[in-house]
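Trainee: Using the sequences and the hints given, assemble the complete structure.
Protein chains in written order, with the working numbering: chain A, 1 to 165; chain B, 1 to 165.
These are computed hints drawn from the structure, not numbers from a lab.
Computed from a predicted structure; not experimentally measured.
Careful: at least some of the hints might be erroneous.
Pairs count within a copy or across copies, as identical chains cannot be separated in the list.
Claimed, not checked - List time: in silico PhoX-like cross-link candidates among lysine-lysine, alpha-carbon distance up to 25 Å:
no.	residue 1	residue 2
1	Lys106	Lys44
2	Lys73	Lys31
3	Lys73	Lys162
4	Lys73	Lys41
5	Lys21	Lys158
Number of protein chains: 2
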Amino acid sequence: MDKSFEGMNEKQNIFMSEAIKLAEENIKSGKGGPFGAVVVKNGKIIARGSNHVTSDNDPTAHAEVVAIREACKVLGSFQLDDCEIYASCEPCPMCLGAIYWARPAKLYFAASRHDAAQAGFDDNFIYQEISAEFTDRKIITQQMFRNEALEVFEIWKKSEKKIPY
Amino acid sequence: MDKSFEGMNEKQNIFMSEAIKLAEENIKSGKGGPFGAVVVKNGKIIARGSNHVTSDNDPTAHAEVVAIREACKVLGSFQLDDCEIYASCEPCPMCLGAIYWARPAKLYFAASRHDAAQAGFDDNFIYQEISAEFTDRKIITQQMFRNEALEVFEIWKKSEKKIPY
Chain A
1 MDKSFEGMNE KQNIFMSEAI KLAEENIKSG KGGPFGAVVV KNGKIIARGS NHVTSDNDPT
61 AHAEVVAIRE ACKVLGSFQL DDCEIYASCE PCPMCLGAIY WARPAKLYFA ASRHDAAQAG
121 FDDNFIYQEI SAEFTDRKII TQQMFRNEAL EVFEIWKKSE KKIPY
Chain B
1 MDKSFEGMNE KQNIFMSEAI KLAEENIKSG KGGPFGAVVV KNGKIIARGS NHVTSDNDPT
61 AHAEVVAIRE ACKVLGSFQL DDCEIYASCE PCPMCLGAIY WARPAKLYFA ASRHDAAQAG
121 FDDNFIYQEI SAEFTDRKII TQQMFRNEAL EVFEIWKKSE KKIPY
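Mentor: As structure tokens, this is what we get:
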């Protein structure tokens, strides 16, 4: 194993330890669930996040979402080019979706979605729901007005103002 | 068809028209993608959202997430009990995950994920990635430090401070 690889592993350990430390601190502070995440760029942590769902009354304030929003602020960009995300738990579908939209280079996680389910969180259930046809989901879902919405997509396609993301 | 059912349909039409209007206005304002959403409770719109990804440098600022966060502020709760969400497009996995965490009663959408893909958005791609094993995903993903993270879940399970969500 060459030195640079050893060095990289050492750094990876530090970053994941930080994410897990944030998760543990979050239990003590009572701000939300036991989850933490950090965003790393060029070998440095540029943003931290922990779960603030219950303290902020924000169901989207998961550690990864909080860290991604903060990292984007720091970078002044809606993309996390060349960044790595370290999360104390496998991201739930919401957070994984956020990660795909932010497009970092790599993702590291510690506990799994099944471990999260064991600790009382809906992650695995939501993964199952997302894979189901919308007509079969637990939250009743109905499609309507598709043609009207398609007209808006046509306007978008022709718009000269649009910024792709 | 009885009157109450007619009345309900009429209201549903108004709510979805509002979501689609927000999507169209968003193209003109240049604030983000062509997506809008409203949250309804007791027959009234309590929150509106449109996509602000590019104007806010926030990849999580999709219409549904913006509307859910706003509705939760209005209600002072991290749950959207007895609420309905009207979205101009089928929610992407991030937004669908956010909807599952917020737990509204119903979801209505207009355009589909495939329509969104046709208009240049990654929704369908992200659905495919989320269903894949993490080892097979396009964003390189690695698990590490599971045992350390499990210790934090054990602390959570025993914590008396925890608020389930």
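Trainee: At most 25 Å between CA atoms: does that hold for Lys21 and Lys158 within a copy, between copies, both, or neither?
Mentor: Only across copies: Lys21 and Lys158 sit 17 Å apart there, 48 Å inside one copy, limit 25 Å.
Trainee: Within a copy, between copies, both or neither: where do Lys73 and Lys31 come within 25 Å Cα-Cα?
Mentor: both (22 Å within a copy, 17 Å between copies)
Trainee: Taking 25 Å as the upper bound on the Cα-Cα distance, should Lys73 and Lys162 be classified as within, between, both, or neither?
Mentor: Cα proximity of Lys73 and Lys162: one copy only (21 Å, versus 30 Å across).
Trainee: Which holds for Lys73 with Lys41 at a C-alpha limit of 25 Å: within a copy, between copies, both or neither?
Mentor: within (14 Å within a copy, 33 Å between copies)
Trainee: Since the copies are identical, ignore which copy is meant and state whether Lys106 and Lys44 lie within 25 Å (CA to CA) inside a copy, between copies, both or neither.
Mentor: Within one copy only: 14 Å inside, 43 Å across.
Checked against the numbered hints listed earlier, the structure breaks none of them; every hint is satisfied.
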